[in-house]
Amino acid sequence: MADTKSGRYASSSAAISPLVQGPENLECKNFQEYLRTRQTPETLEKFYHYPPICLAVFRELPEIARQFVIRILFIDQPVPQAVVSSWGAQKFAKEQAEATSCLSALNVWRVTAIPGGLAAWELSPTFKKSVRQALMGGGKPWPMTNTLDKDSKPRDIPFLDSYAMSRWRCVLHYMVGTGGRNGGSDAEAISPDAVRILLHANLMKRDERGGISITRQGFQFLLLDTRAQVWHFMLQYLETCEERGISLPECLSMLFQLSFATLGRDYSSEGMSNQMLTFLQHLREFGLVYQRKRKECRFYPTRLALNVTNKDAATATTAADEERMQERGYIVVETNYRVYAYTDSQLQVAVLGLFTELLYRFPNLVVGVLTRDAVRQALRGGITAEQIVSYLEQYAHPNMKLVESAIQSKSCLPPTVVDQIKLWEMERNRFTYTEGVVYNQFLSQNDFVTLRDYAQSINMLVWQNERTRTMVVQKNGHDDVKRYWKKYSK
Amino acid sequence: MDAADAATSTETEASIDLLVVVLDTNPSQHVVRQNPQNLTQILEAVIAFGNAHLMQKAQNKLAVLSCSHHATDFLYPLPGRQVELRQVDGQYEVFSLVEKTVKQQLGSILMNAPRLSSPCESLLAGSMSMALCYISRLQRNIGAGVKMHSRILVITGSNECASQYMTYMNVFFTAQKLNIVIDTCALDKTLSLLQQGCDITNGQFLKVTQLDGLLQYLLWVFLPSPQMRHKMVLPPPPKVDYRASCFCHRELIDIGYVCSVCLSVFCKYSPICTTCHTIFKMPGPLPIRPKKKKKPEKM
Amino acid sequence: MADDDKDDQKEYRWETGYEKTWEAIKEDDDGMLDSAIADLIQKAKRKRQAEKTKQNRLGMMRHLFIVLDCSESMSVPDLKPTRLLCTLKLLEIFIEEFFDQNPISQLGIIALKAKRAEKITELTGTSRVHLKALEGLANVSLTSEPSLQNGLDLALKTLKVVPSHASREIVIIMGSLTTCDPVDINSTIEELQKERIRCSVISLSAEIHICRHLTQQTMGTFGAVLDDSHFRDQLLSQIDPPPAAKTQDNSLIRMGFPHSKNESDGKDAALSMCMCHIENSDEPSELSTTGHHCPQCNSKYCELPVECLCCGLTLVSAPHLARSYHHLFPVPNFEELPFESVPPEAPDFGSLRKCYSCIKVLNAVADKSVFKCGYCQQFFCIDCDIFIHETLHACVGCNTIPGVAGLVYQKQGGKAAPDFHQQQPSMMPSSSKQRSQQYSM
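Order-wise, the sequence lines are chains A, B and C.
With the UniProt record's numbering applied, the first sequence covers 1 to 490.
With the UniProt record's numbering applied, the second sequence covers 1 to 299.
With the UniProt record's numbering applied, the third sequence covers 1 to 441.
Hint data in this document are derived by calculation from the structure and do not stem from the laboratory.
C-beta: ideal position from N, C-alpha, C; glycine also.
Worth double-checking, as some hints may not be accurate.
Straight-line distance between alpha carbons at most 30 Å, and here's what the computed DSS-like set of lysine-lysine pairs gives [said to hold, decoys possible]: (1) C:Lys132 with C:Lys194; (2) B:Lys207 with A:Lys401; (3) C:Lys194 with B:Lys177; (4) A:Lys129 with B:Lys103; (5) C:Lys89 with A:Lys401; (6) C:Lys89 with C:Lys132; (7) B:Lys147 with C:Lys119; (8) A:Lys91 with B:Lys103; (9) B:Lys147 with C:Lys160; (10) B:Lys189 with B:Lys231; (11) B:Lys177 with C:Lys43; (12) C:Lys119 with C:Lys194; (13) A:Lys401 with C:Lys80; (14) A:Lys422 with C:Lys132; (15) A:Lys401 with B:Lys177; (16) A:Lys129 with B:Lys61; (17) B:Lys207 with A:Lys422; (18) C:Lys132 with C:Lys80; (19) B:Lys189 with A:Lys91; (20) C:Lys119 with A:Lys401; (21) A:Lys150 with B:Lys147; (22) A:Lys401 with A:Lys422; (23) A:Lys129 with B:Lys239; (24) A:Lys91 with B:Lys239; (25) A:Lys140 with B:Lys61; (26) A:Lys29 with B:Lys189; (27) C:Lys132 with C:Lys160; (28) B:Lys100 with A:Lys150; (29) A:Lys29 with B:Lys100; (30) C:Lys194 with C:Lys160; (31) C:Lys372 with B:Lys177; (32) B:Lys100 with A:Lys153; (33) C:Lys160 with B:Lys177; (34) B:Lys147 with A:Lys129.
Okay, the calculated bits of chain C under chain B, using three or more residues with CB under 8 Å as the criterion [unchecked claim]: (35) 70-84; (36) 87-95; (37) 357-365; (38) 388-399.
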């Protein structure tokens, strides 16, 4: 939805309907966008000293760009641009251009001249060195890989999964405000640091009474899948980390290093700087790593940390995946818009309540119905139909996915429901906003008609009313019409 | 069109790419006999290539099989065996795991192999069939909604084992059916059967004459996933000869006779099938009428 | 169900002994039936596999007519969305698979519309034509009754002129319970029997006496479908080539093996048009340098196999023939053994038991039974057993362990033609290895 400014008029019905203040939407950046928008070439160069960051950057590149990098990785001289562009098929020149510009924007390669006056590409030496090191070996080992004695009580993957999810849910519960009231095992309060991040990220805000309440963006955040939530949250964390006096590249490198770790293996925090140990404690709080005691050197990265770089959790082994599935899928949607949610979690009920009208509540089951009013309420809150649908899909009960329908659709939800939710959203988009300038208080009908006809002839008239002698002209036509008016009134 | 393109590209991003490398480690290969060091060189290139594949996407998977003169074995992964490994240098943990496992496993295979008395053929088709079994197992185990693209890369300096013709064909057709791409990197001679296999499954066939540039060749031709190969400029497919050879003289023929029962190919008309022992009825329009007289003449 | 008891046709279901069918189903520890059902399915698969290997002479060149009921009864929505649409969908799969498995066979489609029979496609070897015709059938108006006799007569007329070395078959898909025929259908059945045309019927409604009678007389199979997946199974069971009829004439067929022009000239051939598209106005022929040239008259085709339009020679490529070999040389069945019989690996590798081909770590609970190949003595998991027999058609162990491969073919060759070696020792290859080498190119 377009945001509105004071000098705006909507065509036709805008005069009647009050202008809605467009809500600020949750902005989710992927890693590439983050690097491109937030970082300067100098910081990028600093990042590239860390092989884990380089590896993550490499995986973020477009497919064609990855091939280019791999092919010039082992070539020591710069490669003429013409040669590089001959590697891609002509038909996909556009895609290739995108890849090329992406590589330049991320400072992965740069233009140099080679003898003979040809322009050539050369990989950033730091980047090249780090990637080569990650791929072929050499250099210093990454931190946290010091040898450890065998853990006498090694933690298995299911344990780590459940630990991570319970920690992460703590944060979410805090946001919905159910944590304190519930008093259950999940209800450990979160640290002031975490609260500060939530406030910084604009996911929560201080209200008048000094308490803290969830914002619109916060609700949208809840609708994201866990991976996206963690990523968004960590990005916000990284933004605040300079304030804390922790070095950003080090943090980022650590985060990616965790994400490249092997699930179910223990790592050592020996030899880490104090800053990194603090960072590790934060990660521990959010459930990205498991550590038995604060002082212990041994820690296990969890799936939350691993998923930071994985586009989706496809790497997860099937057995563990299934386990997570059972925990995740709890919603059944019927074609009559009824929603059955098998859950006792306050958080899940609260999220569901954002866009459904809850009807009944049982110990382990909540029944609601998707109504126009409820969905519109959510849409007004800045949640998009897409988000609602994807939330329902994501947490669909495993049995929903088993249903084989004759109509092959990608979604496991009933198509009617999906379509209706989208229609309800489109209902709200009946207005098109146009910026304009009002002309009124004409002294004579003649003046009005002349000016109106002129505006109409240059296709700049938005709206007019002869009786009240009012007309609205598009903003970019204003100068033209004004000039005409001055000439005419003389 | 853009939207469709974008959709397919996100799809390929989310899918799992499985690469199974079938590496010929037969000591009687021409390249290895020339210089035993060559095998090490090839191995290094294969490991680097495999790791480059794993580096592309977090979801990518790798398997390496060795096809030796006495057996076919998996070099990576080795299920159920925990390798306690800590980083010793800046190499990414997963990559060093691949490198260590492959080298160790191949070492132990070569140490325990029976001594080679005379040069023998590599049973590549068998190794490929094993790769197919492995792929089909992974395919069965992935969750619903996740796509997996698999391919097999054969790296060999041996000749094709002619006695495995049927196995080769069965492997090619199975691969075609399961949408598995077969790529071949020939280190010595042009391999006509594998060439056919690459053609049938839309894979790439490449003959590398210089071992020095092997890694660069592998990265250029075989690293792009089959789904994106049309976006890259790759060597043009070689012309594949699909003519059959007759069972009687093993010569390539243009026009031949096929037994209606077992589909054996003969270059001359004969009254009895030498493969399935069927006695044929004389076709009317054929110029030869008295078969007993005509036959000795032809033989 | 209906197809299961084709061997004992005399007996009706109620005449057989009292079957305790429910006793075959056992609950697992959680009281679920899933594992028991999976077990049943696997057993059924293995049973089908076991039957397959018994035949060794097959009708590889098939001429098959699909006779499709397009009467009012096909609009019944008991198969989703309707009987006709479901059938067309399945036929698409069938046709693709049919040409995949029977590359040098031909297929035609006949529709039974309003008591008349209409040939939708002629007998041809390209799937494209049929698939296109099927698309057109989706919108056909379904009225009145079908006439089985008219359909059979039409198919018979065409199949009569087909060379006798081919296996001739008709597969009828009937939705209707009745047929409206001009004269006595028994005379048609007699003639089909005389011509040795194998007729199989798949009924979408119920078992019909006349159809059952037809299949019995012509050595075909009869099946009534339970649901769409059963229908699919029934249809796909028609894909494997049937055993050759005893009276089927065998002969050598002249075939051309085209190769692309460029190969021989050493440089690019001149631009030319292909014959397959030249008369097709929808997709006009394009000038190109590639293509397959008939070795006899030099006309060009863009895909194989095809019958040359100019000189009538059947053009195929070597892999097309090879595609059918697995029907003739199936992998011998494996022996089912308990899990404990697998030798574990050396203790320093964890004493694991693994499937030979997919290196799956076997465990005593999930893999109760394992499968051993009698030739290479290797053990496989059940999934690999099925994959090897149904898809791959080559035993992984026999093909990776040197010296075993020969053994298998020797034994098999002996089985297929027991008097092979004694009768004509001079013409026969003495060792199995040589024999399989004959397939080399």
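Hints and how they fare:
1. C:Lys132 with C:Lys194: Violated - the C-alpha atoms of Lys194 (chain C) and Lys132 (chain C) are around 34 Å apart, more than 30 Å.
2. B:Lys207 with A:Lys401: 47 Å, violated
3. C:Lys194 with B:Lys177: 39 Å, violated
4. A:Lys129 with B:Lys103: 24 Å, holds
5. C:Lys89 with A:Lys401: Measuring from Cα to Cα gives roughly 23 Å; hence the hint holds.
6. C:Lys89 with C:Lys132: Roughly 12 Å separates the two Cα atoms, so the pair holds.
7. B:Lys147 with C:Lys119: 41 Å, violated
8. A:Lys91 with B:Lys103: 42 Å, violated
9. B:Lys147 with C:Lys160: 48 Å, violated
10. B:Lys189 with B:Lys231: Cα-Cα ~29 Å, so holds.
11. B:Lys177 with C:Lys43: 24 Å, holds
12. C:Lys119 with C:Lys194: Distance ~23 Å between Lys119 (chain C) and Lys194 (chain C) Cα, so the pair holds.
13. A:Lys401 with C:Lys80: Roughly 19 Å between the alpha carbons, so the hint for Lys401 (chain A) and Lys80 (chain C) holds.
14. A:Lys422 with C:Lys132: Distance of about 36 Å is beyond 30 Å: violated.
15. A:Lys401 with B:Lys177: 26 Å, holds
16. A:Lys129 with B:Lys61: 25 Å, holds
17. B:Lys207 with A:Lys422: 55 Å, violated
18. C:Lys132 with C:Lys80: 22 Å, holds
19. B:Lys189 with A:Lys91: Distance of about 33 Å is beyond 30 Å: violated.
20. C:Lys119 with A:Lys401: Violated, at roughly 42 Å.
21. A:Lys150 with B:Lys147: 37 Å, violated
22. A:Lys401 with A:Lys422: 21 Å, holds
23. A:Lys129 with B:Lys239: 41 Å, violated
24. A:Lys91 with B:Lys239: Roughly 24 Å separates the two Cα atoms, so the pair holds.
25. A:Lys140 with B:Lys61: Judged against 30 Å, a Cα distance of about 26 Å means the pair holds.
26. A:Lys29 with B:Lys189: 51 Å, violated
27. C:Lys132 with C:Lys160: 26 Å, holds
28. B:Lys100 with A:Lys150: 21 Å, holds
29. A:Lys29 with B:Lys100: Given that 30 Å is the threshold and the Cα spacing comes to 37 Å, the pair is violated.
30. C:Lys194 with C:Lys160: Answer holds: Lys194 (chain C) to Lys160 (chain C) is near 11 Å, not above 30 Å.
31. C:Lys372 with B:Lys177: 26 Å, holds
32. B:Lys100 with A:Lys153: Status holds; Cα separation ~27 Å.
33. C:Lys160 with B:Lys177: Violated, because 34 Å separates the two Cα atoms, which is more than 30 Å.
34. B:Lys147 with A:Lys129: Roughly 34 Å between the alpha carbons, so the hint for Lys147 (chain B) and Lys129 (chain A) is violated.
35. 70-84: violated (count 0)
36. 87-95: violated (count 0)
37. 357-365: holds (count 5)
38. 388-399: As far as the region 388-399 of chain C goes, the hint holds, because 8 residues have Cβ atoms under 8 Å from chain B.
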